[in-house]
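Participant: Protein chains in written order, with this note's numbering: chain L, 1 to 351; chain W, 1 to 370; chain B, 1 to 291.
If you are wondering where the hints come from, they were derived from the structure by calculation, not from laboratory data. All C-beta atoms, glycine included, are put in the ideal place defined by N, C-alpha and C. Please note that a few of the clues may not be correct.
Short derived list, chain L residues pointing at chain B, Cβ under 8 Å [as the list claims (entries may be wrong)]:
1) Asn67
2) Val72
3) Phe95
4) Lys154
5) Leu231
6) Ala325
7) Met328
8) Val334
9) Thr336
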Amino acid sequence: MTVAASGVRTRGAFLALAWSLALVVALVVIPLAVWLLPGNAAFWVSLAAAALVAFTAAAFAYGRRNNGALLVAPAVALLVVMNIFPLLWSLGLSFFRYKANSVQPPAWLGINNFATVLSSPDVWDRLRTTGLIMVLTVSCQLVVGFLLALLFEKQFRGRRVLLMLVLTPMMLSYVAVGAFFRYYYEPTFGLLSQFVRLFTGEPFLLLNTPWGARAGIVFADAWMWSPFVMLLVLAGLVSVPAYLYEAAEIDRASWWRRFRTITFPYIRGLLLLALLFRTIEAFKLFDVVFLLNEGGPGTSNETIALYIYRQSFQYNKTSYATALAYIMLFVVVVLTNLYLYAVNRRAREAA
Amino acid sequence: MSTIALQRLTKVFGDLTAVKAVDLDVAAGEVVCLLGPSGCGKTTTLRMIAGLEQETDGDIRIGGNRVNGQTPAQRNVAMVFQFYALYPTLTVEENLAYPLHADGLSTTEIAARVRTVSTTLHLDTVLQQRPGQLAEGEKQRVAVGRAIVRDPNCFLFDEPLSRLDVQLRERMRGQIKEVLAGLNKATVIVTHDQLEALTMADRIAVMRQGVIEQCASPHDIFAKPANLFVAGFIGTPQMNLLPAVLVGADDCGVRGEASAAIRFRVGDGTARLAVDPAVGRLAPESSVTLGVRPRGLELVSEPQEDSLPARIDLIEPMGAETLLHLVDGKLEFRIVVDRRSGARVGERVNLRFRPGQTHVFDASERRVAS
Amino acid sequence: MAARVVSRDVRQARPGWAALATVVSLIYFFPVFWIILTAFKTYNDALAVPPQWLFTPTLDNFFSVFSRAMTYQGAAVDTGFDLFFFNSIFIAMTSVAIALVIGTAAAYGFSRYPLKGNDTYLFIILTTRMLPPIVVIIPIFIMFREVGLSGTYVGVILLYTAFNLPFTIWMMKSFFDELSREVEDAARMDGSSEVKVFFKVCLPQVIPGLAATAVFGLILTWNEYLFALLLTGVETRTVPVAMGQTIGGAIGVRWGLLAAIETLFLIPVVAVTFLLQNQLLRGVTFGTVKR
């Protein structure tokens with residue numbers, strides 16, 4: 001082996017060693033810093049350790065001419081800093097008793113936070129509420145979205161324009177939807193109340209009962225996101241080759257038969273995707289609930305996200321909220337996994 | 001009765017008239033092929049019979065009943081699609097059984113019929129598979145099976161063999177013919193492959209630009225083409241079409257009832273050919289086109305009064321025979337000879353028109369015949 | 001017998017279908033329509049009982065959005081929405097632009113130089129997009145406070161860039177995956193370096209993808225609420241947050257103003273969505289679903 005080649009090899013080995021070493025150091029230093037040092041210092045030390053790892057890893061990748069790693073590095077770095085790092089920080093936090101507004105250093109609680117969270121009736125109540133709203137809104141979205149897709153499957157004059165109209169609810173900001181549906185639900189001048197008043201002569205109060213508010217939330221959310229389901233189902237409907245329908249006509253198949261044997265297999269995968277995607281989003285539901293009625297009346301419609309928000313920012317039970325947030329994260333990760341599995345399966349089927 | 005009758009059937013798409021006042025009658029048990037180049041309107045005609053296209057004008061009668069405006073389901077026709085259109089999520093067995101559900105048969109009856117069809121078409125081994133797992137030939141047989149499993153008023157085939165390779169095509173041609181023979185229903189097959197048409201059809205309707213140029217038995221289409229288009233379209237290698245000028249009938253020469261000897265100016269030379277007597281009624285100096293198939297010419301050593309000189313330009317071996325391309329001035333000839341003829345490129349030869357094998361087409365491209 | 005129209009395309013609808021679709025679409029669109037209508041109403045008209053269908057339209061609300069003063073019952077009130085609009089636009093465009101650059105590079109890396117565990121990385125990246133903001137918000141909030149990024153442009157842009165990255169990566173990767181390698185191979189054989197291949201061969205072909213990704217990123221960032229609520233300060237506040245505050249304001253909800261804001265906010269979104277109709281499906285599923 002030539003001197004140059006051996007030089008390269010040793011340099012490569014050095015970089016590999018440097019990188020692994022930096023990683024080990026970081027994994028040890030960061031928890032120690034969090035535990036021992038006050039917040040500010042802990043943060044900077046952790047950041048420095050992470051930066052060291054990033055730097056050595058980049059050098060390693062560059063030395064190995066690993067293009068892929070290089071291209072991916074900046075994005076990964078940012079994501080790590082802004083997402084992974086806080087997530088790990090959260091995880092760390094949830095093992096302590098930490099209140100954001102107190103000057104005391106955090107006390108080690110182990111898994112106590114998680115235990116408290118999982119045994120708290122409040123938490124289960126919020127989970128039930130969230131689950132209820134989720135089921136209602138996703139079902140509505142699937143049904144309405146499916147019907148809308150059937151409507152837009154055929155070609156007709158003005159289809160493009162009408163399709164745009166139906167897609168606008170998705171493009172509104174949540175704030176607008178929350179605000180304006182509050183306006184619509186308002187008992188004195190809201191449109192809903194005035195419409196009902198034509199029949200009953202009385203102002204109609206929607207948001208002041210738990211179920212009323214629930215209906216209001218579900219309606220607003222389903223209205224906003226049914227077009228999303230429509231888009232997915234429509235993609236499936238449109239992808240069915242016309243000659244299959246022609247063959248079914250020749251074979252004198254009934255409408256139901258045609259749907260069951262031809263149409264449904266093509267949209268099945270997409271419906272599943274829509275279901276999972278909207279479920280994940282519904283689980284995280286915050287904006288609409290907050291802006292419509294702040295989760296009211298009282299806390300009857302407080303979704304889990306809203307509950308966590310309040311616990312951390314109004315009651316300052318930071319680590320408690322973080323533990324709960326982590327459990328939420330776990331659920332989302334599982335659902336995302338399912339979602340990606342469904343995406344891949346559909347990609348394979350379609351190929 | 002299973003018959004199809006088309007009267008003045010027309011289809012207009014915007015500016016384009018795809019089918020122009022087509023008349024066609026198909027008797028029970030008869031197989032008619034719609035043959036022609038792409039865009040000639042054959043598929044559109046087929047789809048109108050099926051009810052998948054709305055006719056612009058004209059009448060369609062199936063089994064004697066006027067079916068204009070009826071849905072395909074109401075017409076009770078069976079169709080084999082070019083792309084098979086098999087239901088991808090159903091097994092072969094379910095695909096075959098699909099049309100039978102509309103007849104209200106019991107499950108045992110359906111199963112029995114499916115079994116019969118699958119045995120006939122050798123599909124027993126693939127009954128539980130899905131179309132995605134089948135070979136091309138198997139898919140085609142399932143498509144045919146789905147059509148014959150029912151009892152429709154007629155059969156419609158849209159380019160049934162176009163997606164098969166050559167050997168498979170040969171086998172399926174025979175098989176389809178056999179299957180159809182036993183069923184005694186009017187059948188219309190659309191194809192652009194003349195070999196398919198010549199072997200499978202009882203009658204061929206040659207179409208061009210929405211019009212049926214000629215509708216006759218395969219033999220008549222081949223031996224008595226009605227016009228220049230049909231003559232040039234049917235037969236491989238393609239017929240020689242030579243512009244010529246009629247000089248006049250000869251007084252001396254062979255004159256019989258079957259043929260007349262007429263002199264023509266062809267290219268730089270002249271030839272006295274034995275052609276149909278009706279040609280004699282044409283005025284002298286009329287422009288005509290002579291049509292003679294490559295096998296209707298032969299090589300002779302000495303120039304004769306019914307031969308023309310030419311030079312061999314290209315030799316194409318075809319296996320048992322050889323195709324020679326020859327030129328003489330602006331004229332091009334194709335002749336098929338036995339492979340042992342020993343021709344060489346550049347050789348000067350004489351082409352003799354075999355007696356009675358030359359067609360004459362007048363200035364309006366129609367064949368002159370009595 | 002009743003003739004049923006059988007047309008060439010089995011997808012061609014019957015004549016009554018367009019009418020049905022129009023009715024349904026208009027009903028569905030109605031709440032949005034009402035918002036736009038309200039934008040043109042005076043304060044009193046907006047609260048009118050019974051609802052005013054015909055009214056004298058006014059452009060006051062629109063002017064108020066941008067002028068720093070608005071008369072409300074005689075008093076001049078600062079709306080400040082011109083700043084908020086600027087903030088929204090600036091923050092959205094910057095974060096989307098940065099995300100586009102590093103995200104596209106990463107997408108290209110994932111597509112053309114698959115690493116071991118590619119799928120795992122992509123899964124994690126998608127998860128960061130799907131995870132509840134609430135999980136990340138607490139530590140980020142603390143983090144920003146410690147580092148002094150709270151309420152600054154830099155902080156919010158940094159966050160939104162990270163917010164847009166997963167979606168950008170997934171979208172652009174799906175576009176890169178669709179390119180045929182043959183053209184790239186030909187360029188490589190002609191002696192182009194990898195960098196050249198990227199800039200001269202791959203990138204030009206995915207420009208529609210870049211546009212679609214940018215637009216969807218803009219829409220998502222534009223409408224985002226929670227992070228903006230917690231991480232923007234008085235000077236860096238975005239429109240959604242400001243709108244949210246307007247609702248609970250002590251002055252009483254100025255529905256007309258709110259409607260005007262939302263209408264203005266909606267126009268760019270609708271316009272670009274119309275232009276990007278073909279990529280809609282890909283966009284709204286964050287790049288995971290193509291046609």
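Participant: Each hint: holds or not?
Facilitator: So, going through the hints one by one against the coordinates:
With 8 Å as the threshold, the beta carbon of L/Asn67 comes within range of chain B, its nearest partner Cβ sitting at about 5 Å, so the hint holds. For L/Val72, the suggested interface contact is upheld, since its CB lies about 4 Å from the closest CB of chain B, less than 8 Å. The interface hint given for L/Phe95 is violated, since its Cβ lies 13 Å from the closest Cβ of chain B, which is over the 8 Å cut-off. With a cut of 8 Å, the hint placing L/Lys154 at the interface with chain B holds, because the nearest CB-to-CB distance is about 3 Å.
Annotation: interface hint on L/Leu231 holds; nearest CB of chain B at approximately 5 Å, less than 8 Å. Interface hint status for L/Ala325: upheld, as the beta-carbon distance to the closest one in chain B is roughly 4 Å, under 8 Å. Below 8 Å, beta-carbon pairs count as interface contacts, and L/Met328 has one with chain B at about 5 Å; its hint therefore holds. For the restraint placing L/Val334 at the interface with chain B, the shortest Cβ-Cβ distance is roughly 10 Å, beyond the 8 Å limit, so the hint is violated.
Hint status for L/Thr336: holds, given a least beta-carbon distance of 5 Å to chain B, under 8 Å.
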